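Which chain is which? The protein sequence lines are E and R, in order.
According to numbering that gives the first Met the number 0, the residues represented by the first sequence are 0 to 319, in order.
According to numbering that gives the first Met the number 0, the residues represented by the second sequence are 0 to 243, in order.
The hints are simulated quantities; they were obtained by calculation from the structure and are not laboratory data.
What you are looking at is a predicted structure, and each value in this text was computed from that prediction instead of being measured.
Just so you know, not all the hints are guaranteed correct.
Said to hold, decoys possible - Pairs of lysine-lysine, DSSO-like flavour, derived with a Cα cap of 27 Å: (1) Lys69/R <-> Lys219/E; (2) Lys259/E <-> Lys137/R; (3) Lys90/R <-> Lys222/E; (4) Lys149/R <-> Lys259/E; (5) Lys90/R <-> Lys259/E.
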Amino acid sequence: MNLISFNKLTILAVITFVIMSVLFFYGDVGFSYNDPLILWHLRFPKIIVAFFAGGMLASAGLLLQVFFHNPLAGPDLLGINAGASLGVALAIMGSAFFPAEFLVLTIPVMAFLGAMAIFILLMFLVRKNISKISLIILGLLISSFTASTVSVLVNFSTSLQVKNFLSWSMGTFKDVTLENLPIFVGLSMLSLVGLFFIPKKLNQFMIGENYAKSMGMNVKSFKLSLIIICSLLVSVVTAYCGPVVFIGVIAPHLARALMKKSDVRILLPTVFFFGSFLALSSELILVLVPVNFLSTNSLLGLIGAPIIALYLIRDQRRLQ
Amino acid sequence: MKNSMNHLMEFNNLKVGFGGCQILSELNGFINQGELIALMGINGVGKSCLLKTLSGLHPLMSGQIHFQDKVLSDYNPSERSLSIAVVLTEKPAVDYLRVFELIALGRSPHTNFWGELSKLDEEIISKVLVLLNIVELKNRFFDGLSDGQKQKVLLARALAQEPRLLILDEPTTYLDIPSKVELMNLLLKISREKNMAVIFSTHDLNLIENIVDQVWLIEKEGTLIQQSPKEMKSSGLYLKNFNV
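This is chain R alone, in the form it adopts within the complex (with noise of 0.2 Å):
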């Protein structure tokens, strides 16, 4: 089915809750692209799942989301692979993993059965290690790194894989202030420079309020607004959500 509106993704009286998450019903919104969004909303409210479902992680309970040209579960894994990529809230632990080997991985969608990494693939990963600053981590081992580092390795696999749509679930949780700032300027970066859509969650409106095209706000009750940073904050809507 055509996408109506030209959006990279909309969803339509979507409802998740897959896997014991908080269900959430009647949600409407779509990501254009080349847009940075970020999506609020307090502890338990169901930011994960949204974002789990929007990344195709989880099945949708009702509804519909489109993505590109078609429907987002008529896409298999490998398909799917190749438009989103996702950066998790869990930490690959693992024994003697090095960076450039898990930026690699990020390759896995477009390389053989072996995953062998071709010319191309090798180029790609080296521009995403100049893009995000981190080429002297390449040798080091990713258990060693700091959280602020691992963050920017963990995007640097999904910038690696390609995507159309980036999806990162709480990316600024345990970084320190500068480091949040680093993050949050790579992704506007990211979003501009590559035109790829970027949506990921986070508490802070303060970061975010002077980078982000959309907020995304899940009220308590469950309902999602879609608004600019702007009206976001004069609106009152973030203050009563959040008690501040």
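Next up, chain E with everything else stripped away, as it sits in the complex (with noise of 0.2 Å):
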């Protein structure tokens, strides 16, 4: 990495940390409240899930567009997202077969299962030369397939379990305890280790899958690794955070935009920092702006959408 590369990622980590720490010290309740309870059991554990989430989720999102070659890919849109969120719904409807005291794994574990499922699936549907609209379009439907099978499943289930479900289903931050945030926490750890083996293979394979077996890739394995790291980075974030969107898919935009560099091992971290820079905004606006109607999603949703619209419009082309 070069030095001008070098310090825009640090500009970028300062600001990062600068809304955290403005988070972790100005609240809903203001500045003057700065009781303990508050700070550590309210605020902490949300700023610290942000980071990781949204850093986890734009991670995602920039190993989905190097291996589907498709800058419209992320864990929403291509409905990795929705994967984990029918795991989710099984194992907190399903309490039949997944007794309730156990939701704190079986969430996490149904979340991993369902997102790999959807990502083996993609993988036997997509054809070699798919356009990259098609795609997008095969992860709408396969999300709303997943929302009708919820449905179906909602009318099988208890109200209380129901609404555990759409409570979760929201898209938050501030859900992890103080007490559940070290296991998130090494999930998280867990998840991103994996990042740091495919950097150079995502390079290779970014120019083309034939060029990258050429250099000596075992594509299948590579492949397979890719899965693994990539639902396990979207379930854990989706079991404790519930389907947060668009981050995925624009943080990879913006780390490109900002470094003018394809090469993954510089794009990487600056995605990982425009992720948690992009969830932890999103709380901030919460915080500034205290009306009860905005959540994380529906912020993002706002935001997001009109970003993505935009680059469709302006990139048909390319999009051929």
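Starting from two chains that each stand alone, build the complex the way the hints lay out.
Below is the structure:
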């Protein structure tokens, strides 16, 4: 990494940490109320969760974009989020099979299996020359299919189960308690470790599968490791925060625009911090504009959807 | 198994046609070290398939390919990448991909797991840039280059891999005449100066007849004929197969 890239990354990281400390000292009840209980039990977990969740979704987004050679790919638009949601819905509403005491465990595991199932399904459905738009439509179809499955499940569930699932599905960084925080951070670290082993391979794969093969890549094992890493990243976030939207698809664009590079070794840390930055900024906006009709997901949707739409309209030619 | 005739590559009774390709069978041929070979044949006859099979990207259906001292299918991908490099028809479409970075990827079979370039790697890349006369493109974005420049950069990436055998699929398609001639002369220079075997597919006999050592012609019926360019021109096989 050259000096300019390093400096840009440092500035981005500093801004992210500034937002984190503002969120720590300034909350719904203002500067004056610095009760340690509020700081450590409410604000601290939220900040840490937003930092990791944003970064992980963004990293997964970059992986997916390189993997599918598609700048519109992201965990939500490809339906991988939805797969994780279906897993969680089964865990919460299928309590006949999954006793409620074990929800802490079954939710992440089912989210992981759901995400992975969709990813594997995508690999089977996607032919090599699928157009970029078709891939996204396929993802949206998968999402609507899983949503329908969930609504069927609702019929067989108690109102408490449905309420639990609905409140989870809103998408928020606030639901992880201080007690659960170490588990979340542990799982996050575990899924982030995988990222250290793939930048060189992603760089090779970026210019085309056959070129990657000719440069010595074992494509099958690369694809398998990418599926596992991506599913881990997405499912850990989705299990604890609900299906958070748009961070995964936007952050890679911001990172490329900032760095003017394609090298994954440089983009990956940048993308991670942009993801954290986006997640923390949305929390900051929620704190600064304390209205109760805005949530993390609705805010991200309000900002994210127009950005993607703009990209679609501007770059129609390249998306053929 | 030892390669009997000391050819760099030799294949017998080869059948190709993996992955929806045109099936070609009973193919025999050989490639000598430092030889420049043109593969010809009408569109859809299976040139790409044969080249992808010879480069190890596609599995073969039956028969055998001997490469250096082993059977090609006994090479694992990383061993193979040290001896065979390719220039394919598909072009990388990546935002902000710089020429230098793309060429540096050619060194990736030789670098560590993080892909760091050593002094030696950088020297090799610089030499390739000079050889192909593209030093001034080094910091440009690949997306913004002309077709001719792109082709040279992709060739540079393959050369940076330092292979014994270089395989190019339709390298002159979409190029204007001067770029075609320039590319042909570069391929000749590479095969002579680096003693590298180079095989490429093309349609243009006039372009290659004074340059290549061998012509391989895949006939409409699917047979592979290996001749010198002079023989090819006088035998009338070329005219017969292209309906000129």
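Here's how the hints hold up against the structure:
Distance hint between Lys69/R and Lys219/E is fulfilled; the C-alpha atoms sit about 23 Å from each other, no more than 27 Å. For the suggested pair Lys259/E and Lys137/R, the alpha carbons sit about 15 Å apart, so the restraint of at most 27 Å is met. As the CA atoms of Lys90/R and Lys222/E are separated by approximately 21 Å, the hinted pair is consistent with the 27 Å bound. The hinted pair formed by Lys149/R and Lys259/E meets the criterion: a straight-line CA distance of about 19 Å does not exceed 27 Å.
Taking the CA atoms of Lys90/R and Lys259/E, the gap is about 20 Å. The hint holds against a cut of 27 Å.
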